[in-house]
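Going down the list, the sequences are from chains D and G.
Residue numbers 1 to 191, in the numbering used here, belong to the letters of the first sequence in order.
Residue numbers 1 to 194, in the numbering used here, belong to the letters of the second sequence in order.
Hints were generated in silico from the structure; no laboratory data involved.
Heads up, some of the hints might be wrong.
[What the hints assert, rightly or not] Okay, derived cross-link-like pairs now, BS3-like style, lysine-lysine, Cα gap no bigger than 27 Å in a straight line:
#1 Lys50(D) - Lys106(D)
#2 Lys170(G) - Lys50(D)
#3 Lys135(D) - Lys111(G)
#4 Lys3(D) - Lys50(D)
#5 Lys3(D) - Lys16(D)
#6 Lys136(D) - Lys108(G)
#7 Lys182(D) - Lys173(G)
#8 Lys136(D) - Lys182(D)
#9 Lys170(G) - Lys16(G)
#10 Lys185(D) - Lys108(G)
#11 Lys50(D) - Lys182(D)
#12 Lys170(G) - Lys135(D)
#13 Lys185(D) - Lys170(G)
#14 Lys136(D) - Lys50(D)
#15 Lys173(G) - Lys135(D)
#16 Lys182(D) - Lys111(G)
#17 Lys108(G) - Lys50(D)
#18 Lys16(G) - Lys136(D)
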Amino acid sequence: MSKSKTVGELFLTFMKIGAFTFGGGYAMIPIMQREVVDVKHWVTDDDVVKLLVISESTPGVIAVNAATYVGYHIAGFWGSLAATVGVVLPSFAVITLITFFYAEFKALLWVEYAFRGLRAAVAVIILNAVFKLSKKSDRSVFAGLVLVGAFAFSVFMDVSAIWIILLAASAGILYGAALARKTAKGGGPRA
Amino acid sequence: MPDLGTLLSLFWIFFKIGLFTFGGGYAMIPLIRSELVGGGFITEEALIDFIAVSESTPGPFAVNVATFIGTEAGGIVGAVVTTLGVVLPSFLVLLLIARFSSRVLETKTFKAAFLGLRPAVVGLVFGVAFTLAFERVFPSLHIRDAVFDFSAFDAYALVIMTVIFVLSRKFRKVSPILLLLLAAVLGVVLYGIF
Chain D
1 MSKSKTVGEL
11 FLTFMKIGAF
21 TFGGGYAMIP
31 IMQREVVDVK
41 HWVTDDDVVK
51 LLVISESTPG
61 VIAVNAATYV
71 GYHIAGFWGS
81 LAATVGVVLP
91 SFAVITLITF
101 FYAEFKALLW
111 VEYAFRGLRA
121 AVAVIILNAV
131 FKLSKKSDRS
141 VFAGLVLVGA
151 FAFSVFMDVS
161 AIWIILLAAS
171 AGILYGAALA
181 RKTAKGGGPR
191 A
Chain G
1 MPDLGTLLSL
11 FWIFFKIGLF
21 TFGGGYAMIP
31 LIRSELVGGG
41 FITEEALIDF
51 IAVSESTPGP
61 FAVNVATFIG
71 TEAGGIVGAV
81 VTTLGVVLPS
91 FLVLLLIARF
101 SSRVLETKTF
111 KAAFLGLRPA
121 VVGLVFGVAF
131 TLAFERVFPS
141 LHIRDAVFDF
151 SAFDAYALVI
161 MTVIFVLSRK
171 FRKVSPILLL
181 LLAAVLGVVL
191 YGIF
């Protein structure tokens, strides 16, 4: 297979993945797995697991992480670029269209009532995301303190989320170092 | 056509959002909220409306939000700039990892940072859910500005939240799009008819 053909295929496959994923992020994984592992045989299931671990420990958009990683492995830099543009394009096109009609649409009275209903529901949907996210957090006293601290600083003191993220990462590094020292002295049972 | 200064600051804001989000999707909401609502780019209401729209359209949430805000602020050019900003950090980081190695991710220090990052993200997202829920039910409440005024009370919002919460816990597999559709119908019926 010629290289330019592969780059084109990466673009089309990731565009399909972008167009059929609702909810973003991890909702994309099963669709991606079917397309790039089962249909195209570009990567293996093991690669997808590795990719998930990498996505969890790097910042940013999970769909873009996946597209860049798979694209690079198949066809180098141009592969990663084609896959990334492909996965982004459907959202970009759909949302640009919606935004142009948004103002007129919002002026309808019943649409405003529907949005009032939606706003109430969004709070619940975000709360459900909290339950999902909390499954990945560990259950130590330290984690509890960081959770409560991040909550309180952001809600009641209006500290920017970026500062809270930076502070939490630094606290984690210090805590990790303290744990390592404790284990080295034969003190704590936790690693 | 927006001026260059606005475009640059939009790019920088979305670059930061892309760079400091760990966990993807909803983990991005606290950052978007503090950077964009705090920076006066959009209102809280518009952001919430948009989360609902984004949940019902395909594609990565980050790209949806970036495109929406970019278009509102500066048409197609604005949308290209914001989308580029939010996508670039992920693209560059993953390119480096794919090109060189992921060994840096396995160092002790890097892993230890996540001992703090993971619970912080949970706390931040919970903070958004908490604020939104209370301010929907008590519209006169503004927690960020320390205005604790409970005089206004929106009973319909409480009803809709309760219905959606119970259904989403009972039927965990049901798509959020269906729940949002139901909430929109409830909104029209409750606010429009009663």
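For each hint, the structure was consulted:
1. Lys50(D) - Lys106(D): Judged against 27 Å, a Cα distance of about 44 Å means the pair is violated.
2. Lys170(G) - Lys50(D): violated (33 Å)
3. Lys135(D) - Lys111(G): OK: Lys135(D) and Lys111(G) at ~17 Å, within 27 Å.
4. Lys3(D) - Lys50(D): Distance of about 25 Å is within 27 Å: holds.
5. Lys3(D) - Lys16(D): holds (20 Å)
6. Lys136(D) - Lys108(G): The hint holds at about 19 Å.
7. Lys182(D) - Lys173(G): violated (43 Å)
8. Lys136(D) - Lys182(D): holds (24 Å)
9. Lys170(G) - Lys16(G): Given pair Lys170(G), Lys16(G) is violated - Cα atoms ~37 Å apart, limit 27 Å.
10. Lys185(D) - Lys108(G): Roughly 18 Å separates the two Cα atoms, so the pair holds.
11. Lys50(D) - Lys182(D): violated (31 Å)
12. Lys170(G) - Lys135(D): At roughly 18 Å apart (the allowed maximum being 27 Å), Lys135(D) and Lys170(G) satisfy the hint.
13. Lys185(D) - Lys170(G): Measuring from Cα to Cα gives roughly 48 Å; hence the hint is violated.
14. Lys136(D) - Lys50(D): Answer holds: Lys136(D) to Lys50(D) is near 17 Å, not above 27 Å.
15. Lys173(G) - Lys135(D): Holds, at roughly 17 Å.
16. Lys182(D) - Lys111(G): Holds. Lys182(D) to Lys111(G) sits at ~17 Å (cutoff 27 Å).
17. Lys108(G) - Lys50(D): holds (18 Å)
18. Lys16(G) - Lys136(D): holds (24 Å)
The structure fails to meet hints 1, 2, 7, 9, 11, 13 from the earlier list, while all remaining hints are met.
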